Every structure is written in C-alpha cells, then in structure tokens.
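So the sequence lines, in the order shown, correspond to chains B and E.
The first sequence runs 1 to 326 under our numbering.
The second sequence runs 327 to 629 under our numbering.
Rather than coming from a laboratory, the hints here were simulated on the basis of the structure.
These numbers were taken from a predicted model, which means no experiment stands behind them.
Mixed in with the good hints, there may be bad ones.
Claimed, not checked - Covered by chain E, per the in silico footprint, the following chain B stretches (three or more residues, Cβ under 8 angstroms): (1) 3–12; (2) 93–105; (3) 313–326.
Said to hold, decoys possible - Derived list of chain E stretches under chain B, where covered just means 3 residues or more per stretch with a C-beta under 8 angstroms from a C-beta of chain B: (4) 404–413; (5) 517–526.
Every residue gets a Cβ at the ideal spot worked out from N, C-alpha and C, and that includes glycine.
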Amino acid sequence: MTWLVWRQYRAQGAIAFGLLAVFAAAMLVGGSKVASHWHTVFAACSGRSACLQQQPPLVSQAIVDALQLAGLAVPGILGLLWGAPLVAHELESRTSDFAWVQSVTRTRWLTAKTGWLLLAAAACGGAVTALITWWSGPNNAFALNAFLPGQFDIQGIVPVGYAVFAMALGIAAGTLARRTLPAIAVAVGGLIAVRLVITDFARPHYLAAVTTYYKLTTSFTPRGSAWIFFQGGINRTGQVARQGWGDVYPLLPASCQRLIPQGPTPKSASTSTLLSCMQAHGWRGLATYQPAGRYWPFQGIETTIYVLLAAALIALTFVIIRRRDA
Amino acid sequence: MSTAIETRELSKRYRQVSALTDCTVTVPEGRISALIGPNGAGKTTLLRMLAGLASPTGGTAFVLGGTPRQDPAFLAQIGFLAQEIPLYRRFTAEDHIRIGAHMNLRWDASLVRTRLAGLRVPLDQRVGTMSGGQRAQVALALTLAKRPRLLLLDEPVAALDPLARQNFLATLTSAVADADGRLTVLLSSHLVVDLERVSDHVILLAGSRVQLCGDIGTLLAEHKVLVGPRQDAVLIERTHKVVQTVAAGRQATLLVRLNGPVIDPAYQAETVGFEELVLAYMGADDAPAAPAGQNLTTVGGDS
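Just chain B, with the same shape it has in the complex (with noise of 0.2 angstroms):
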C-alpha cells in the first residue's frame, strides 16, 4: 500500500520539497542578515532596552506580512490540494473501483492513504515553521510581539496543527462531497472559520488571564513577549479606565480633573502630579495580561486542539468509507 501512495503522490511530493527547499534557502540567507544586524544594534545599545526601543524595526514590514501570508497560507494550501482529492478524485475518476476490488480492505487502503499524508502535512508544516520561527528569533527579542496573532499563528509548533488539520478537512470534505472542486471550496471555507473563531473566541481564554494591580506612579511593564489585553486603572470604588484622559477625566475628584491642562495632551511634568494626585485619591493601575512564560502551553493547548479535530475529521472519513456504497 504505501508503494501506491508513493507512487500516486512522488510527483507532488518532488514539487512540494523543491519548493521547501527554495523557501529554505531563502531563510537561511536572509535569517543569518536579520541575526547580523540585530548584533550590531545590540552591541552599539550594550544591551539598554531603552536605546533598543529607538531603533527602527529590525525587518521591513513587507518581509513580516509576506511572511505571515507564507505562514499561514502554505499548510492550508497543501492540505486543500492534497487532502480534498484523496478519496474524490479517486471517486472522480472511478479508480475506487480499482483499488476497493484488490485483496486489501478499504479500512486498509484509507490508512495508508491518510496516515502518509497526514505525515506529509505534518512535515511540510514542521519545516516551515523551524523556518519561520529560526528567523524570527531575533525580531521576536526586540520587538517582544510573539504572542501577538500573525506572529503566533506562523512560529512555534501551531502551524503543525494547523497542517494535519487542513489536510484532515481535505480529505474529510473530499470523502463527504465525492467531488474535488467543491471539497476544496467546502474545506477553504472551514479552515477560514474555525481559525478565526478559534482565534478570536477560545485563544485569549486557554488559561485565565493574569490581573496585576500597581502603584501609578511606578510604570508597570509584564517581562518579555506578553499578551497584554488591558491595561488602565481603577478606583476605589471599582470603576475601570483605560489609559487615555478622556475615559479617565469624568471618574476623577474635581481636585485631580483641575490638574488636567486644556491641551490634547498633559504635558509631562503635570502627568506625574496628576498621578500622584489620583493615587491619593485611591487610584490604582490595572494590567491584565497572559504572561510571556505562558507562550508554550498556550502553542501547546492550541495544537492539541487542531490535532484533535484533525482525529475527529479522519474518524468521520473512515466511517463513511467503510459505511457508504461505493
């Protein structure tokens, strides 16, 4: 059986790996520049995070959205063009017929098939994230945004699950629909849903957010790459503003709002005063956050997730195969 998937997939498999390898190579030549550069910027800081934050960006924002865009669309892309003909164009082009009469079960014929590929997408995606994620190490030190969604989404191990799930999606839409063209759109279809959904509804929510309350007149910045989803302040009486004067102007005591000048923006001098001022007044700082020590689990949680809906897809697939008629 598996000289059959290698045979029927050798072709694609050659483009595929061509093409990882011209992405490879890319990486590698630009990835070693990005690390140079970053050397050199950190060297002329000795390290002061506050001559850093002065720096410009360390990569031009085409390259990141070019490489976001590769992120994300390339385990897709391979999952929907492999995955959605696996049992369809079989169907298709009648050869079902063929391979379900041979002295091997469909059960067996549908193992060999999946298991390879499932493999292939897990491969194809491990190698472009290790890509991605190598790159990005030095960009992620100085500009601390790992968690945030584009930047999580293509580095670490999520694009894996993202990988194994576009194919099982493939291949589940390819069983359902038995037909190629309107399981890749019934599958392009899904994989947009569930990672939007997944990625506005559940991500924020893996594990409760960290709330931290501070002195105002001491800044307060979570260590490393943070999720941060708020942060303002809050008084005695438990009324929440977030930073900005106009949402904080009408929760304070006339004392403070007195301090506040008439400009768009206080200047720095009366900001300290005003603090001060509300921080007499009970006022406290609020952040509430998923800590940067929390970027694993939460790549953890959110590839088990793929995986299992991944393991629920391919079930459906072989209960179908073995149910339906052919």
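Chain B is already provided as a structure; the job is to place chain E on it using the hints.
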C-alpha cells in the same frame, strides 16, 4: 452442479428509486454467464452488490459460499471490472502490475506480462494514452492476475470496436478454459450476439426485476414461436405462457414458453433464436416476475 452465486430476493433501493427488486438467481460454477438487460435494468447494481462494493437494502447474496464483504479473503477470490475500465490514467501498465503486487497476496505478475506481450500492449506506456481496446485488455489481465474464482465484468466491451471486442472475449474464454472449471464469469452486456457466443447461462433483467434465468440451451428448447390464426390465440394462452404476441391481420405470431406439446394443428411451431427470445423478454419488463422456479424464473403476459 455447484453454484458460484446464489441470491434470494436481493433488492436495492436508492431513496425513491428501486434499482433492483427481489432478485433471485443462481450462477453455476465454472461457466460464463451472461447478464443481459436494457440500460437501467439493474445489472450494475447487481454486480456491485455481488462484489461487495454496495450493500443490499433487502434479501441476501451468497458469493462463493459467503456474503460479499470488505475482507481480504473474500476480495482475493473476486475479480471485478467496472464499466468505466477504471485504471490510473497517468500510470503505465507496469505501474499497475506493481500496485497489484502490493495490494494482493496472490498475484501472478508474469501472467499479465505474458498476456499483454501476446497482445502487443506496451507495458511502459501510460494507460491514459492507450486505445480503448488496449486499456480493456490491461484491465482484464490485471483482474485475472489475482487468479480469482469469480469474475464480475460490467459491460467491459460496450465501448470497444468489434475487433477489440472479439479479442477481449477471446482472452476471457481462454482464461476460463485454462482455469479448468475453477473460474466462473458473470458478464453483463447489451450486445446479445457477443454474449450468445461466449456464454451458456443467462440472467435477464428488465425494469429492475429478473425476467429470465437459466441454461441457454434449455431455455431455447422450452420456447417456441407459434404462427397461426389470431382468434385461436386464446386457446394457446390457456396452456402455454405467452411472452409476446405480434398480430398482423388475421394472423398472430406468439412467442411462448411451452407447457407441454402444442396440439392445435392450426399453429405452426418454429424454433426461437437467442436474440429473439431476449428481445421478447426485455419488452415484457412491466409485468411482474413470477416466483422463482427450480433454476428458472419465468414471466407471463404479453406486450
């Protein structure tokens, strides 16, 4: 005589449509049986259920002593060739031989190579670029490489030209002869002449029901064409089963299944040809099939 296939009231419904209704037939072992019927009569449905590719909605099927199922031991005994001659178009014949070797425990690769070499079919050419006749030969050779005990062939010659058809059927008959009684073939087609040449047992489906099932020689002996005065046709109908009546003026031509000798001296009895018999029964598809007899299913009524 042992049977390779036995079905009892086998039925298949797709939502509202009945593809096969109460099909009770037997297929003798070691022979080539013909499965005849107009398009949509249920031939493909029957063959796919016998191969285990589709499951019945009613009745039972016994194929080589067991129920058709997804099981390596059962599949190893069955050779199935679908109407569309399903092969991987971008693969060569040699690729298919290797695939077969990986997907079957019993696989006679040299048989395929010898057969195809004898027919001058190139092994290293993509199957998709071959002629229809060559493709069918490749598919048949691959099906035979399993050394199956039962071949289920669904209109494999329908799309072939007469010469390719003849070659295909020659391969088939020689394979049956080589197998020395161990190979049973059920071959569907609507090319009656071809079937008559290679088979000696027939199953006729029309309107999703079995109209006729039995040994061709016996069936031909049991049927006669009677020509005589139209007004006496009623008397004939009392004793014999009239399959088809063609009236012209005062004369009637009846195709009957005999139930004893024809006594009426006004009627002349003539032997019936296979094609004539088949066409008569195909036209009788709106009548319900009579309950199955010993090895024969009959239908009464006229058109």
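Cross-check of the supplied hints:
Three residues within the 8 angstroms Cβ limit are the bar, and the stretch 3–12 of chain B against chain E gives 4, so the coverage statement holds. Requiring three or more residues with a Cβ within less than 8 angstroms of a Cβ of chain E, the coverage given for the stretch 93–105 of chain B holds, as 13 such residues are present. Requiring three or more residues with a Cβ within less than 8 angstroms of a Cβ of chain E, the coverage given for the stretch 313–326 of chain B holds, as 3 such residues are present. As drawn, the stretch 404–413 of chain E meets chain B at 7 residues by the rule of a beta-carbon pair under 8 angstroms; at three or more, the given contact holds.
Only residues whose C-beta sits within less than 8 angstroms of a C-beta in chain B count toward coverage, and the stretch 517–526 of chain E has 0 of them, not enough to reach three; the restraint is violated.
Taken one by one, the earlier hints fail for this structure only at number 5.
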